[in-house]
Structure formats: C-alpha cells, structure tokens
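Colleague: Under numbering that gives the first Met the number 0, residues 0 to 69 are what the sequence shown spells out, in order.
It is worth saying that the hints were derived from the structure and are not from the lab. Worth double-checking, as some hints may not be accurate.
[As the list claims (entries may be wrong)] In the SDA-like style, the derived pairs of lysine to any residue whose C-alpha atoms are separated by at most 25 Å in a straight line are:
hint	residue 1	residue 2
1	K62	H40
2	K12	N66
3	K22	Y63
4	K62	L2
5	K62	L18
6	K22	H37
7	K22	G39
[What the hints assert, rightly or not] Pairwise CB distance ranges, derived in the manner of DEER restraints:
hint	residue 1	residue 2	range
8	R42	Y5	15 to 23 Å
9	R52	T9	37 to 45 Å
10	D69	T1	19 to 27 Å
11	D48	T7	29 to 37 Å
12	T49	K22	26 to 34 Å
Don't be surprised by glycine CBs; every beta carbon is placed ideally from N, CA and C.
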Amino acid sequence: MTLTLYNTLTRSKEPFEPLEAGKVRMYCCGITAYDYCHLGHARTCIVWDTVRRYLQWRGYEVKYVQNFTD
C-alpha cells in the first residue's frame with residue numbers, strides 16, 4: 000500500500016516519497032499558548048504524533064521535531 004498525500008500546489012494526489020530512502024524528517028509548528036488551553040491544542044499534538052507513528056509502523060526511520068511557543 001502506498002501512502003498518498005494531497006499536494007495543494009498542484010491540486011492533486013501524489014505518492015509519498017521521502018528525500019532520503021527509508022528516512023523521514025518532520026517539523027511541526029506546535030501550539031502558541033497565549034490564552035486558556037483548549038481541545039485544539041491537543042488536536043495538533045495528536046494528529047502529528049499519529050502521522051509519526053504511522054510512518055514508523057511503515058518502517059521509516061523518523062526524526063520528529065515539534066515546538067511549543069509560550
């Protein structure tokens with residue numbers, strides 16, 4: 000099964016191909032906590048952590064960085 004992503008630039012679905020075979024690097028701009036905490040903050044963390052776990056399950060070596068701005 001191929002991982003397919005939607006490319007907003009070309010407006011089409013494209014197969015995922017890492018820049019380096021077998022390795023994926025991800026950067027997620029996390030939450031900016033300037034007011035009360037809400038469910039959207041958790042959603043950001045959960046969605047990208049799920050993507051990371053899926054890629055690891057598929058056999059990729061994943062380097063994942065996420066920031067939190069205070």
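Colleague: Does the hinted range 29 to 37 Å hold for D48 and T7 at CB?
Modeller: violated (22 Å)
Colleague: Is it true that the CA of K22 sits at most 25 Å from the CA of H37?
Modeller: Distance ~33 Å between K22 and H37 Cα, so the pair is violated.
Colleague: Mind checking the hinted window 26 to 34 Å against the Cβ distance between T49 and K22?
Modeller: Violated - the Cβ-Cβ distance for T49 and K22, about 19 Å, lies outside 26 to 34 Å.
Colleague: Given a hint of 19 to 27 Å, does the C-beta separation of D69 and T1 actually sit inside it?
Modeller: Given range 19 to 27 Å: violated, Cβ gap about 39 Å.
Colleague: So the hint says 37 to 45 Å: do the beta-carbon atoms of R52 and T9 match that?
Modeller: Distance hint for R52, T9 is violated at roughly 27 Å.
Colleague: Within 25 Å, alpha carbon to alpha carbon, are K22 and Y63?
Modeller: Distance of about 11 Å is within 25 Å: holds.
Colleague: With a cut-off of 25 Å on the C-alpha distance, tell me whether K12 and N66 pass.
Modeller: Cα-Cα ~28 Å, so violated.
Colleague: Given the proposed pairing of K62 with H40, does the C-alpha separation stay at or below 25 Å?
Modeller: holds (22 Å)
Colleague: Has the given pair, K62 with L18, been kept, meaning a C-alpha gap of at most 25 Å?
Modeller: holds (13 Å)
Colleague: Assess, step by step, whether the Cα of K22 is no farther than 25 Å from the Cα of G39, and give holds or violated.
Modeller: violated (29 Å)
Colleague: If you check the beta carbons of R42 and Y5, does the distance land in 15 to 23 Å?
Modeller: Check passed, 19 Å falls within 15 to 23 Å.
Colleague: Between K62 and L2, does the CA-CA distance stay at or below 25 Å?
Modeller: Holds. K62 to L2 sits at ~18 Å (cutoff 25 Å).
This entry does not satisfy hints 2, 6, 7, 9, 10, 11, 12, going by the numbered hints stated previously.
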